[in-house]
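**Q** Spelled out from the first residue to the last, the chains are:
2 protein chains.
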Amino acid sequence: MNIDFMRLAIEQAREAAKNDEVPVGAVIVMGNEIIGIGQNRKEASKCAVHHAEIEAIEAACTRLDNWHLDGADIYVTLEPCAMCAGAIINSRIRHIYFGAYDKKAGCCGTLYNLPSDKRFNHRPGVEGGILAEECAALLSAFFGGKRR
Amino acid sequence: MNIDFMRLAIEQAREAAKNDEVPVGAVIVMGNEIIGIGQNRKEASKCAVHHAEIEAIEAACTRLDNWHLDGADIYVTLEPCAMCAGAIINSRIRHIYFGAYDKKAGCCGTLYNLPSDKRFNHRPGVEGGILAEECAALLSAFFGGKRR
Numbered sequence: 001m002n003i004d005f006m007r008l009a010i011e012q013a014r015e016a017a018k019n020d021e022v023p024v025g026a027v028i029v030m031g032n033e034i035i036g037i038g039q040n041r042k043e044a045s046k047c048a049v050h051h052a053e054i055e056a057i058e059a060a061c062t063r064l065d066n067w068h069l070d071g072a073d074i075y076v077t078l079e080p081c082a083m084c085a086g087a088i089i090n091s092r093i094r095h096i097y098f099g100a101y102d103k104k105a106g107c108c109g110t111l112y113n114l115p116s117d118k119r120f121n122h123r124p125g126v127e128g129g130i131l132a133e134e135c136a137a138l139l140s141a142f143f144g145g146k147r148r
Numbered sequence: 001m002n003i004d005f006m007r008l009a010i011e012q013a014r015e016a017a018k019n020d021e022v023p024v025g026a027v028i029v030m031g032n033e034i035i036g037i038g039q040n041r042k043e044a045s046k047c048a049v050h051h052a053e054i055e056a057i058e059a060a061c062t063r064l065d066n067w068h069l070d071g072a073d074i075y076v077t078l079e080p081c082a083m084c085a086g087a088i089i090n091s092r093i094r095h096i097y098f099g100a101y102d103k104k105a106g107c108c109g110t111l112y113n114l115p116s117d118k119r120f121n122h123r124p125g126v127e128g129g130i131l132a133e134e135c136a137a138l139l140s141a142f143f144g145g146k147r148r
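Chains A and B, in that order, give the protein sequences.
First residue of the first sequence? That's 1 in my numbering, and the numbers climb one at a time after it.
First residue of the second sequence? That's 1 in my numbering, and the numbers climb one at a time after it.
Honestly, I wouldn't trust all of these hints.
DEER-style ranges, computed between Cβ atoms [said to hold, decoys possible]: (1) Met1(B) / Ile3(A): 44 to 54 Å; (2) Ala44(A) / Lys46(B): 22 to 32 Å; (3) Glu11(A) / Gly129(B): 45 to 55 Å.
Keep in mind the hints are simulated off the structure, nothing from the lab.
Every residue gets a Cβ at the ideal spot worked out from N, C-alpha and C, and that includes glycine.
Throw the hints in and build the complete structure from the sequences for me.
**A** Pasting the structure below:
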């Protein structure tokens, strides 16, 4: 785990907020090289598939020209939802490092722990709570602003 | 439920098989109008995100210019995986009609029943087993051919 990559994911989340998107960012790393970055673009793309993790996975696959992302790790500011946890499993990512826990939709330890299910054909490692306060503060500020 | 839409999804699956992709197809319908179609393109796209359901959702969002697919139903030849079940929930699709059950990765009744989880903010209805034998036969023929 390299906390600098979570800081880069946080930068992506900040950019998302500037675009009036729920601030979530993701970075995919192989060795010490960044192979994919992503930010939530659900509103801009008008498609609920376009979470930060999906964008980062698509970028990494394009970069490697391969759907197997074996040995790659993902850093994401919010606990992945079912869709993103599933995409990470399907892409054979090695490890998930996430920031804030998601009480409402988190599927990497909160509501479910999909990546740890032995019935699936791949099981990424999971570590949550990295720079969690900073990641959560971005979300709180965003939704606080919306309510005002 | 209109079985003709499952037949169209099966046509998409057949096309996928011709392209040497695992044969899964999907159709999204609003009222009696098709608003999105998709087929598995994981190998061609070199990205594990590109399942039939994701392609169909992206097409439907583009068509409606909206990430909310309220009132839309999806017909898919294979039970959705975690990623696709999550994408269907996130997109607020009303109902899932699927063909064959997926013992290894199905998350709409087999390993999990994610769409029915009351903790999520949307719960699509689910009906499985529609033209299941025909949908499963396509998969068996595909994997049987691979083994030979």
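**Q** Determine for every hint whether it applies to the structure shown.
**A** Structure-based check of each hint:
Remark: the range hint 44 to 54 Å for Met1(B) to Ile3(A) is upheld by a beta-carbon distance near 50 Å. Taking 22 to 32 Å as the suggested C-beta distance range, the pair Ala44(A) and Lys46(B) conforms, at roughly 25 Å. A hinted range of 45 to 55 Å holds for the C-beta pair Glu11(A) and Gly129(B), which are about 47 Å apart.
When the structure is compared with the earlier hints, no violation turns up for any of them.
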